[in-house]
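> Heads up: the protein sequence lines correspond to chains E and G, in order. The first sequence begins at 1 in the numbering used here and counts up by one. The second sequence begins at 1 in the numbering used here and counts up by one.
Treat the hints loosely; a few may be bogus.
[Unchecked claim] EDC-like mimics (lysine to aspartate or glutamate), calculated; alpha carbons at most 16 Å apart, straight line: (1) G:K118 / E:D96; (2) G:K68 / E:D21; (3) G:K231 / G:E34; (4) G:K207 / G:E232; (5) E:K67 / E:D21; (6) G:K13 / G:D87.
[To be verified] Derived CB-CB ranges, DEER-like: (7) E:H121 / G:T55: 34 to 40 Å; (8) E:P182 / G:G246: 34 to 40 Å; (9) E:P182 / G:T206: 47 to 53 Å; (10) G:R60 / E:E106: 37 to 43 Å; (11) E:D133 / G:G135: 48 to 54 Å; (12) E:D133 / G:N243: 15 to 21 Å; (13) G:N136 / E:R58: 50 to 56 Å; (14) G:E216 / E:H121: 27 to 33 Å; (15) E:R58 / G:D218: 39 to 45 Å; (16) G:V86 / E:T38: 31 to 37 Å.
If you're looking for bench data, these hints aren't it; they were derived computationally from the structure. Ideal Cβ positions, reconstructed from N, Cα and C, are used throughout, including at glycine.
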Amino acid sequence: MRTAIVKYNSGNVRSVKYAFDRLGAETVLTDDPEILTTSDRVVFPGVGEASTAMAYLRERELDNVIKALRQPVLAICLGMQLLGRTSEESNTACLDVLPFAVRRLEGRGIKVPHMGWNTIHDLTSPIFEGIADSEQLYFVHSYYVENCAATIAKTFHGQTFSAAVRHANFYGLQFHPERSGPAGARILENFLNL
Amino acid sequence: MLAKRIIPCLDVKDGRTVKGTRFKDLRDAGDPAELARIYCEQKADELVFLDITATNEKRRVLVDLVSKVAAAIDIPFTVGGGINSVDDIGLLLGAGADKVSINSAALDDPQVLADASKCFGSQCVVLAIDAKRSGNGWEAYKNGGRVSAGMDAVEWARVGTSFGAGEILLTSIDADGAKKGFDLELYRSVASAVAVPVIASGGAGTKDHFLEIFQECDADAALAATVFHFKEIEVPALKRWLNACGIAVRM
Numbered sequence: 001m002r003t004a005i006v007k008y009n010s011g012n013v014r015s016v017k018y019a020f021d022r023l024g025a026e027t028v029l030t031d032d033p034e035i036l037t038t039s040d041r042v043v044f045p046g047v048g049e050a051s052t053a054m055a056y057l058r059e060r061e062l063d064n065v066i067k068a069l070r071q072p073v074l075a076i077c078l079g080m081q082l083l084g085r086t087s088e089e090s091n092t093a094c095l096d097v098l099p100f101a102v103r104r105l106e107g108r109g110i111k112v113p114h115m116g117w118n119t120i121h122d123l124t125s126p127i128f129e130g131i132a133d134s135e136q137l138y139f140v141h142s143y144y145v146e147n148c149a150a151t152i153a154k155t156f157h158g159q160t161f162s163a164a165v166r167h168a169n170f171y172g173l174q175f176h177p178e179r180s181g182p183a184g185a186r187i188l189e190n191f192l193n194l
Numbered sequence: 001m002l003a004k005r006i007i008p009c010l011d012v013k014d015g016r017t018v019k020g021t022r023f024k025d026l027r028d029a030g031d032p033a034e035l036a037r038i039y040c041e042q043k044a045d046e047l048v049f050l051d052i053t054a055t056n057e058k059r060r061v062l063v064d065l066v067s068k069v070a071a072a073i074d075i076p077f078t079v080g081g082g083i084n085s086v087d088d089i090g091l092l093l094g095a096g097a098d099k100v101s102i103n104s105a106a107l108d109d110p111q112v113l114a115d116a117s118k119c120f121g122s123q124c125v126v127l128a129i130d131a132k133r134s135g136n137g138w139e140a141y142k143n144g145g146r147v148s149a150g151m152d153a154v155e156w157a158r159v160g161t162s163f164g165a166g167e168i169l170l171t172s173i174d175a176d177g178a179k180k181g182f183d184l185e186l187y188r189s190v191a192s193a194v195a196v197p198v199i200a201s202g203g204a205g206t207k208d209h210f211l212e213i214f215q216e217c218d219a220d221a222a223l224a225a226t227v228f229h230f231k232e233i234e235v236p237a238l239k240r241w242l243n244a245c246g247i248a249v250r251m
């Protein structure tokens with residue numbers, strides 16, 4: 001089984017690849033549409049800024065490639081946010097795989113970015129098999145996806161919002177499984193086993 | 001609930017870990033990748049690597065080190081020390097670092113914070129502030145704590161975050177290495193001036209010092225080096241104790 005990791009101007013593609021390597025998965029870091037389309041799994045990582053990332057993807061026509069994927073796709077952090085319709089980060093039009101809008105975290109007394117290990121709750125997907133409610137995972141982000149029909153896990157920082165979403169073959173994680181210790185590794189393993 | 005973070009810091013020079021007292025008299029405390037893996041197993045929440053190499057080989061050595069660490073561990077880590085440009089930052093993030101911390105370069109030209117946060121997102125841009133008491137306040141220092149930047153540290157925190165820094169690593173030069181506790185007053189002044197998370201650094205000598213900064217200042221994170229490297233405090237015991245005292249930590 002081959003897992004393709006979308007190679008683009010995202011900061012953390014390397015750590016995502018290392019995380020799958022630690023699980024013994026066969027991975028390829030690529031921006032080749034043919035390889036992306038024919039791989040068994042696709043990972044769409046993301047650390048960065050929405051408008052910069054979308055401009056890069058559009059320029060290389062990777063936006064349409066990602067939208068058309070039919071195998072299980074794991075979108076991480078900014079990757080998950082880019083699955084939505086729009087983001088308040090630089091008022092960016094995103095991939096529109098899911099109908100949500102991405103908003104800026106705000107609120108009295110909360111620190112932004114939301115940074116550190118937070119608990120996840122209301123887990124409703126096989127991707128969380130073996131993961132307990134209140135498991136702690138590593139988050140680092142300033143924008144969030146509201147709770148919606150696609151939400152499969154929630155977290156709380158000033159307000160409750162989506163820690164993970166799923167729509168058809170697309171899975172999105174707001175936290176970083178590649179940087180979330182053994183629990184994160186288990187979620188990546190579950191994704192490979194979907 | 002968001003947990004308070006415990007962050008061991010590894011000062012590295014020519015690929016080896018060192019830690020001094022008040023930024024001088026460096027001692028060798030071992031191999032960085034090996035130490036990183038140990039801290040990871042001990043449930044440290046993040047790691048910080050501060051590179052104090054001054055040679056031309058610096059960048060290559062650091063990028064190699066970052067790759068090794070990134071492959072070995074599954075918790076986030078920050079790299080800092082002599083980072084000057086968006087190109088440097090891109091190389092380090094590309095090698096697997098999660099965040100970079102910037103000190104002197106930002107004091108020389110804060111635009112580097114804006115450029116970096118536009119390219120990579122502000123969540124990976126850490127502004128390191130080395131603060132030294134001066135009169136009724138604190139001055140920001142650069143070049144490893146040797147040169148005053150002639151700027152008020154609290155004001156600099158405000159300016160730096162307005163340029164796009166997503167976190168502050170706040171070190172008290174006065175407290176660093178003295179093991180008499182974090183500078184609570186400095187922490188309060190900076191944390192109340194900005195909306196981003198602030199890491200307290202400098203002065204940890206006992207478990208009580210960690211409890212103090214979390215209880216008295218509601219600090220987001222606390223960083224230490226010596227007490228962890230020489231096992232005067234072990235991360236698991238520290239976390240068990242903080243948890244027993246009612247502080248939310250990752251167990």
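> All hints, please: hold or fail.
Now for the hints, and whether the structure bears them out:
Of the supplied pair hints, the one linking K118 (chain G) and D96 (chain E) is violated, its CA atoms being roughly 23 Å apart against a limit of 16 Å. At most 16 Å may separate the alpha-carbon atoms for a hinted pair to count; K68 (chain G) and D21 (chain E) meet this at roughly 13 Å. For the given pair, K231 (chain G) sits about 15 Å from E34 (chain G) by alpha-carbon distance, which is consistent with the 16 Å threshold. Annotation: proposed proximity of K207 (chain G) to E232 (chain G) holds, straight-line Cα distance about 10 Å (limit 16 Å).
Between K67 (chain E) and D21 (chain E) the CA atoms are separated by roughly 26 Å; this puts the pair beyond 16 Å, and the hint is violated. Note on K13 (chain G) and D87 (chain G): the hinted pairing is violated, with a Cα-Cα distance of about 21 Å set against a maximum of 16 Å. Between H121 (chain E) and T55 (chain G) the Cβ separation comes to about 49 Å, which falls outside the hinted range of 34 to 40 Å. Taken as a hint, the range 34 to 40 Å is violated for the pair P182 (chain E) and G246 (chain G), whose Cβ atoms sit roughly 26 Å apart.
For P182 (chain E) paired with T206 (chain G), a C-beta distance near 30 Å fails the hint of 47 to 53 Å. For R60 (chain G) paired with E106 (chain E), a C-beta distance near 42 Å keeps the hint of 37 to 43 Å intact. At about 52 Å, the beta-carbon gap between D133 (chain E) and G135 (chain G) stays in the expected band of 48 to 54 Å. Distance hint check for D133 (chain E) and N243 (chain G): the Cβ-Cβ separation is about 19 Å, which falls inside the suggested range of 15 to 21 Å.
Between N136 (chain G) and R58 (chain E) the beta carbon distance is about 52 Å. The supplied range of 50 to 56 Å therefore holds. For E216 (chain G) and H121 (chain E), the Cβ-Cβ distance of about 30 Å falls inside the hinted range of 27 to 33 Å, so the restraint holds. A C-beta distance of roughly 42 Å is found between R58 (chain E) and D218 (chain G), which places it inside the suggested range of 39 to 45 Å. A beta carbon spacing of about 35 Å between V86 (chain G) and T38 (chain E) agrees with the range 31 to 37 Å that was offered as a hint.
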